[in-house]
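**Student:** Let the hints inform the model, and build the full structure from the sequences given.
Sequential numbering from 38 applies to the sequence shown in this note's numbering.
The set of hints was computed from the structure by calculation and includes no laboratory data. Don't take each hint at face value.
Straight line, CA to CA, 20 angstroms or less: simulated DMTMM-like cross-link-like pairs of lysine to aspartate or glutamate [to be verified]:
#	residue 1	residue 2
1	Lys330	Asp292
2	Lys360	Asp427
3	Lys330	Asp315
4	Lys330	Glu342
5	Lys144	Glu194
6	Lys195	Glu99
7	Lys143	Asp133
Okay, the calculated beta carbon distance ranges per label pair [what the hints assert, rightly or not]:
#	residue 1	residue 2	range
8	Ser354	Pro426	16 to 22 angstroms
9	Asp394	Gln102	34 to 40 angstroms
10	Val227	Arg290	55 to 61 angstroms
11	Glu250	Pro426	23 to 29 angstroms
Note that CB positions come from ideal geometry on N, CA and C, so glycine has one too.
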Amino acid sequence: MRNSVYAPGPGARPPLLVGRGDALGDLLADVLDIGERGRRQDILLIGPRGVGKTVLMAEAAESLQRQGFEHLSVQAVGGQVWLVRTLMQRAAALIDAGNRPWKRAKKALDRIASVSFGIASVTATVEWRAAENAPTPPDPSLLADALAAVAREAAKEKPRTGLLLTIDELQAVHRDDLALLSAVLHRLTVEHASAPVALIATGLTSTWAVLREAGVTHPDRLFRQVIIPAALTIDEVWEAVVEPAYRHTPSVRWDPEAVELLARASGGYPAHVQIFADRVWRAAAGPERITAKESAEALQAAEAEVLDSAVAPRWASLSDRQKEYVAALAVNGGTAVSSVVAATCGRTSSEVSDVRDSLLRAGDIWAPRYGRTALTVPAWRDFVLEHYPDEQRDSTRVRLVSLEQMAVYREQRRSSGGSQSGV
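**Tutor:** Quick look at the structure:
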């Protein structure tokens, strides 16, 4: 059938925000209580890639904008210092467009432009282009003053609104900008406790370590962490697949067996739910129903597509020790206490900590909670179990533990009374 109702693209908004309604409601309630900044924390949405963090943040931002909030959105660019420059460029564009809160806050913004770029006005675009290559970070209090000014001007337009900042992929932000950002948020809380400024950011579980390395001593005081689950429940998969189809074409029905096949194939991973539903929809003959046979055939091709385009290239880029660690996770069902994963490799936790950290930073694994590790994508598990033996036999640089020996180590750990995988 044509005109798929699903959203298979990276970062694309699904037709239905399934399994995230409570989190969205909490986000909106938290930001709408914005007048008491001194009593609340900014929000960090944590989870692996492909689970809907960016979509949830965008949904919250759109809802708040409709209520009158000013919104400044920033996408992190790895390795670049961009925070002040982006703020100034967005401010100039909004002032030029006649946005009243930003125009009235221009005096405070001009102080940043003068300190950081040596130009008198945030809208001096000719001089801006000449000076923007090497900005000097302003005093955090200056930046906090400017953000608070914009927020207060927005609240004059409509009470109980303010300024919302959103940052995607916080772990990719340059450490200099992270240090500046944390200082600004702190100054906002200390010097502008009633200013209606709020931040929502997304990040991988490695974000906390990245913040600490940037000199942010207590990131848990700055941010309230919201963990986004890596998988939808079976009921949520049903809702994500069936409800959009019904709303789009009420006469179309998914056979229950077809949905169950899709749920098993995707493992509930939100990104793959959308990809697989899209491929099944497009392959189905229709017009009244999507059968289990059609689902099985389309899913086979869709799984091969995902493995070829995403899983296999990422697997090929891993080091031998990283592949060994991921294989140990797969042997444990895809998730386990970190000490169990280490024991399955025949090593101690300290011996594999660097490997674990590198995989966390890359987003290949994630930490659902402290001391626990999991594969980010369910498709990894079977792929790794199939391909690791060849890697283990062919490795000439280091001696890798075989899957058979991993199973032995795992059972030894169990029999000694150690922590279980919990699978």
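**Student:** All the hints need checking, so say for each whether the structure fits it.
**Tutor:** Evaluated hints:
The hinted pair formed by Lys330 and Asp292 meets the criterion: a straight-line CA distance of about 10 angstroms does not exceed 20 angstroms. Restraint check for Lys360 and Asp427: satisfied, since their Cα atoms lie roughly 11 angstroms apart, inside the 20 angstroms limit. For a cut-off of 20 angstroms, the pair hint linking Lys330 to Asp315 stands: about 16 angstroms separates their Cα positions. The straight-line distance between the Cα atoms of Lys330 and Glu342 is roughly 19 angstroms, inside the 20 angstroms bound, and the hint therefore holds.
With a CA separation close to 18 angstroms, the supplied pair Lys144 and Glu194 stays within the 20 angstroms bound. For the suggested pair Lys195 and Glu99, the alpha carbons sit about 16 angstroms apart, so the restraint of at most 20 angstroms is met. A hinted pair counts as satisfied when its Cα atoms are at most 20 angstroms apart, and Lys143 with Asp133 qualifies at roughly 11 angstroms. For the pair Ser354 and Pro426, the beta carbons lie near 19 angstroms from each other, so the given range of 16 to 22 angstroms is met.
Distance hint for Asp394 and Gln102: a CB-CB separation of about 37 angstroms, consistent with the stated range 34 to 40 angstroms. For Val227 and Arg290, the hinted distance range of 55 to 61 angstroms is satisfied, since their beta carbons lie about 58 angstroms from each other. Hint check: Glu250 to Pro426, Cβ distance near 36 angstroms, so the stated range 23 to 29 angstroms is violated.
Violation of the numbered hints given earlier is confined to hint 11; every other hint is satisfied by the structure.
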